[in-house]
Structure formats: structure tokens, C-alpha cells
Amino acid sequence: MGDGELRKFFEDYTARDGVFVERKALQTNYLPDSLPHREEQIKQIANILAPSLRRGRPSNLFVYGKTGTGKTHTTNHVVDNLITAAKEGNIPLKNIYVNCKLKRLADTEYRLIAQLIREMGGSIAATGLPTDEVYKTFFEIVDKQKALVLLVLDEIDQLVKKAGDEILYNLVRVNEELKQSQIVLLGISNDLVFVDTLDPRVRSSLSEEEIVFPPYNAFQLQDILRKRSEVAFKSGVVRQGVIEKCAAYAAREHGDARRALELMRVSAELAERGDSDEVKLEHIDQAEEKIERDRVIDVIKSQPKQSQATLYSILLSTKKEKQIISTGEVYNAYKTISSQVGLRPLTQRRISDIISELDMLGIISTKIISKGRYGRTSEISLAIPPPIFDRTEQLLAEGLALS
DNA sequence: CGAGATTCATGTGAAGTATACCTTTAGGCTTAA
DNA sequence: AAGCCTAAAGGTATACTTCACATGAATCTCGTA
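Note that this note's numbering gives residue 242 to position 242 of the first sequence, counting from 1, and the numbers run on in steps of one.
If you're looking for bench data, these hints aren't it; they were derived computationally from the structure. The reader is advised that the hints may include incorrect statements.
Calculated lysine to any residue pairs in the SDA-like style (CA-CA distance at most 20 Å, straight line) [unchecked claim]: (1) Lys66 x Asp223; (2) Lys24 x Lys43; (3) Lys301 x Val341; (4) Lys367 x Ser352; (5) Lys234 x Leu281; (6) Lys66 x Gly362; (7) Lys301 x Gln394; (8) Lys320 x Leu395; (9) Lys245 x Glu289; (10) Lys144 x Gly56; (11) Lys136 x Asp165; (12) Lys234 x Asp275; (13) Lys319 x Gly362; (14) Lys94 x Lys66; (15) Lys227 x Val212.
Cβ-Cβ distance ranges computed for the label pairs, FRET-style [what the hints assert, rightly or not]: (16) Pro385 x Met120: 16 to 24 Å; (17) Pro385 x Glu176: 46 to 54 Å; (18) Pro51 x Arg344: 27 to 35 Å; (19) Leu178 x Lys43: 43 to 51 Å; (20) Asn175 x Asp294: 21 to 29 Å; (21) Gly274 x Thr131: 51 to 59 Å.
Quick reminder that beta carbons are idealized off the backbone N, C-alpha and C, glycines included.
When you get a sec, could you build the whole thing from the sequences and use the hints?
Now the structure itself:
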């Protein structure tokens, strides 16, 4: 594309009538002013946290519910308001928010605390320090605030699954050591039975209070979508039935509002890109595929080389032979592939772990079965929808060839 | 024929190793008085 | 003499390896009916 053409493209682009007025309103990190159908939970959280405005220490709170039930948004909504109120009343109150699942930022004890320090505006080495040292730095930095610190740990179940519950125990204990500050833990979890797996000491102090977020039903999802759409779109661009269909799709997935909104946004983006000035039903199906593809691609890209090589092995084996393969077969394929790309071959032990990591990421699914006389293995199959096999394969091949 | 014993292929836990990175410390060099 | 830089020493987290043991149902074995 020459310069002239390019400029023309941009001019056309701006001149064209899109469907959006305020695209932001549909993005996942958008915090709307009101959260429909969560009035009850807002009230509860507010009640629990309110003592902080009288300089008291609220109970630790544990929030759980499935993905996309508004846990994060509701909590942040209340916390934000609380902070504002505190500022007006001149009460020292701070909050830290960490998402434990986010891209290897906080998936071990060390990294979580390091991340907390960074959130508090401190800096800390990424590795090398003794963990006690990191805790000490954290204590000091918190204590220096002379404030009540609301520590919001999102997706806390992921963290504990990977790093154990000792971290929580340590954090719960922190208050005893702090002289001038206090912290309050707000744990958010997708896993409903998560608390039961915790050490009893941790459980009792972490979930002094508990709030459950029930999934949205289809009607509530429609409500949410309608509200957001009013802000996001020009009037009349959303075809009859689109909202209903998005809501229905998301309701099918345990009432995931995030998914519903994403579906809506991507549908609209596809409509816009396809030169349509209306969002139609067929865009939704396209959007669903695109979302899944983007998710898979995103995950794959962020994986280390060895995991990519493993996944590639699985992909090739399932394609060549059959749908379901065993660990041994994967390892054989992996050995040839790793030597082809000049990657140091890892042991089967490690590959076994990598396979279960991939399982956790939802890219493959595994099931351990015993075949009696013929041993025990996991049955591995791809959890990627077939339409994006090719793209995935290409991506992996590229990623590996470059090394 | 049926109850145990066996067997296979791998899951899984624990402990050890390599690597990359951190802080501290000691020595050597430079600099300013 | 004081200040600054460098390199070595001593320490840690993480990713991986090594070793060893655990699993669990199809199959085998062998005593018994």
C-alpha cells in the first residue's frame, strides 16, 4: 500500500459511519456506574467494609462465584467508592489489587509478594532475594503507609493451586507484625469449593465473611447487555434478537456476563469491519469463533518454547493418528520435534508436568485411565475447536522455527 | 471358575542439580586534600 | 585517607532431572469345585 493509498484508507476509515459511539463500554475492564442485579451483593460488601470509615478494621472477606458473575467489578466498585469516601473524611485507606492469574506475574509466593510491593510503588528484584527479605520489604512499605490497606487478591484459587496456601497464612498473620497499618484481605475465587481445601487456620481467618455470587440468568444478562449497548452503540444499529442471542449463548456458559459483553463487542467489531452498519445475528457466530481463536492464540503465544513444542507434538500426533493419544506417544513425537528445532529435550517426567499445565490452561484435556495389563496413562485430546487447528499449527511452527 | 498375584506404562512425590540473579564484602584503583 | 568500581563469595528462586515408589484394571496363575 503506497502512502497515498494508506492516507485514503485512514480518511475513509474515519469518514465511515461505524456502529460504535463508545466502544469502551463493552470492553472487559470498563467499570459501569451501576451494576444491575448485584444490588444485594454491593450492599453486603459495603456493610462488611464500612467499619473502615470509622477507623476500625473490617473482617477479611471471601468472595466467590463463577467467572463473569461480576465478582471483580462489584468488589472494585465498592472499594473505589469506599476509597473516595475515605478521602473526603480524611481517613487513611489504601487498596491494592492483584490478579493472581495474570501472565506469570504472581504465580508463586515470591512473585506475588514482589508484585504487591510493586503495586505499592516500591521496587524489588525479580529473583535472588530470600523470601523472608521480600516479606520484610513488604511489611515495611505497608507499615509506612500508616493506613488501612485493602488487599484484593483476584483469582486467588489459581495462586493457591500453584503455590500452596502458606502465602495466605503469612498474609493473614501480617497484622500482628504491623504497628501502624492494618491490612484486610479480600479474596476472590472462581472455585466454589476452594475454601474447603484450605488449611483450617487460614480458612477461618480468611473467610471471616463470605459472599456468593450466583450466575446471571438469561434475562439478567439481557438487561446488562441492553444497558451497556445504549452507551456503546448508535441507536438502531443492533438488530432485533442480537442481544437475546448473546445472552442465551452466555447463559449457556454458566451465566458469564464477561463473555456476553465480549461477544457483543466482537460481533460489532466484525460488523464494522465487514462494512455492515448493523450488528446482525450471523455476526455473533463469527464472533464466538474469533473469541475462542484469539484466546487460544493468546495463550499459546505466551507459553514458553518447551510447552509450545509439547503442544505441537500433541497437535501433530492427534492429526496423524487419532483423536486420543497417550503420554508415551506425545513424548516420542516430542523427542523428534525438539531435536528438529534444536531444543534441549526434556525428560518425560517434565513433559508429563507440562501436559498437565496445558490441561489447566484448557488447551487440551486429559484423563488418567488404567488400561489394565497395558499400563496406566492419560488420554490426551485437544480442546481446541477444529476450525482453528490450522492457525494453531502454523503459529506453533513459526514460534518454534525462530528459536 | 474365581480369587489373588502379576504386569505394564506412567502418574507422582521428594530430593538433587544447573542456572540466573541478588547482596555483601574485600581488594584495588583513583582522586582530592 | 576517602571514595568508587570490580570481582568473588555466599545466598536464593526456578526450571529441570534423577530416583523411587504408587496406581489400578486387564490378564495370568493356580487351587478348587
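Hints versus structure:
1. Lys66 x Asp223: 19 Å, holds
2. Lys24 x Lys43: Judged against 20 Å, a Cα distance of about 27 Å means the pair is violated.
3. Lys301 x Val341: 17 Å, holds
4. Lys367 x Ser352: With a Cα-Cα distance of about 13 Å, the restraint between Lys367 and Ser352 holds, given a limit of 20 Å.
5. Lys234 x Leu281: Roughly 17 Å between the alpha carbons, so the hint for Lys234 and Leu281 holds.
6. Lys66 x Gly362: 16 Å, holds
7. Lys301 x Gln394: 12 Å, holds
8. Lys320 x Leu395: 18 Å, holds
9. Lys245 x Glu289: 15 Å, holds
10. Lys144 x Gly56: 18 Å, holds
11. Lys136 x Asp165: 19 Å, holds
12. Lys234 x Asp275: 15 Å, holds
13. Lys319 x Gly362: The hint holds at about 19 Å.
14. Lys94 x Lys66: At roughly 27 Å apart (the allowed maximum being 20 Å), Lys66 and Lys94 break the hint.
15. Lys227 x Val212: This hinted pair is violated, its Cα atoms lying about 24 Å apart.
16. Pro385 x Met120: 16 to 24 Å: 42 Å, violated
17. Pro385 x Glu176: 46 to 54 Å: Given range 46 to 54 Å: holds, Cβ gap about 51 Å.
18. Pro51 x Arg344: 27 to 35 Å: 56 Å, violated
19. Leu178 x Lys43: 43 to 51 Å: 30 Å, violated
20. Asn175 x Asp294: 21 to 29 Å: 42 Å, violated
21. Gly274 x Thr131: 51 to 59 Å: With Cβ atoms ~52 Å apart, the hint holds.
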